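K.L.:
Chain residues, written in single-letter form:
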Amino acid sequence: MAWSEVISLLTAASIAAIIAALATTVVASIWTGKIDLAYLLSEAASGPNELPKASLSRFQALVFTFVIAGLYMILCLKEQKLLEITQGPLILLGITSATYLGGKAISAQKDEAEKQAPPPKPDDPATAAKAAAYDATSAAAQASDQAAAAKAAAEQAQQAAAAQNPGP
Amino acid sequence: MTTFYGFLETGLILILLGMAAATARQLARSVKLSELLSKTKGGKADPERVMLLFATVVGALAYLSYGLHEGLAQGKLPDIPEEFLAAMGSGNILYLSGKIFR
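Chains as they are written, first to last, in our numbering: chain A, 5 to 172; chain B, 1096 to 1197.
If you're looking for bench data, these hints aren't it; they were derived computationally from the structure. Among the hints, a few may not be true.
[Stated by the list, open to error] Below, in silico cross-link-like pairs of lysine-lysine (PhoX-like), each with a Cα-Cα straight-line distance of 25 Å or less: (1) Lys119/A - Lys1136/B; (2) Lys108/A - Lys1127/B; (3) Lys1171/B - Lys114/A.
Predicted model, so just to flag it, every value in this text is computed and none were measured.
Chain A on its own, in the form it takes in the complex (with noise of 0.2 Å):
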């Protein structure tokens, strides 16, 4: 074996040993939940306290992905070289891509809509007498806040009118 050749080889040993410990430590961070997938496969969660939802055009994205992905890897493998990739696999990925961006964008154009809509009012007659109760407490509670602070402020003006004009 030639110098040249020992050369090559052990250049493509080190990178290939770099690149092995790097993947290993991907795949060790995400066996272990420090890189957090999860969530890979969920849509955004619709309110502060629900959990996301399983998303189809993610599901189906990451389908066609693994499969082409996996198959043109074996093919090229087999080839010993990369290989062409016809029209028909591309147009597939591009179909699920679009779906899963118009998805998105769907999902957010809704969530802003609901933001901005005012709350529904309640149709059953014992949550709407619990509201107006619920009104009525924290009116009331104001109200009394407001006859507490202009009393403080009558009794002040009158403890300032006293020491302006003092008795005999």
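We have chain A already, so just place chain B on it with the hints.
P.N.:
What follows is chain B alone, placed relative to chain A:
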């Protein structure tokens, strides 16, 4: 040299399998696949979602099987029939329509 490339191929496949297993482990704990079929959590299954899920799973398995047979024989990534692409496009348009109008 051939042994070296064989070793690299095996390592690459092992790393990818490990990554797939680790990802699947995380997803299995957080994702309910039944939620794929309805627009809201615990809602009724929508027909366009059922159709798209079926077409996705069957289409992916069919292409994988076809690719392993034809691709290995021809030595290139096999093309996808136009009819299948049209069907997938229609299914996805239906899915997006359901997302907008439901």
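K.L.:
A separate judgement is required for each hint: does it hold in the structure or not?
P.N.:
Results of checking the hints against the structure:
no., hint, result
1, Lys119/A - Lys1136/B, "holds, 19 Å"
2, Lys108/A - Lys1127/B, "holds, 19 Å"
3, Lys1171/B - Lys114/A, "violated, 43 Å"
Hint violations for this structure: number 3 only, all remaining hints satisfied.
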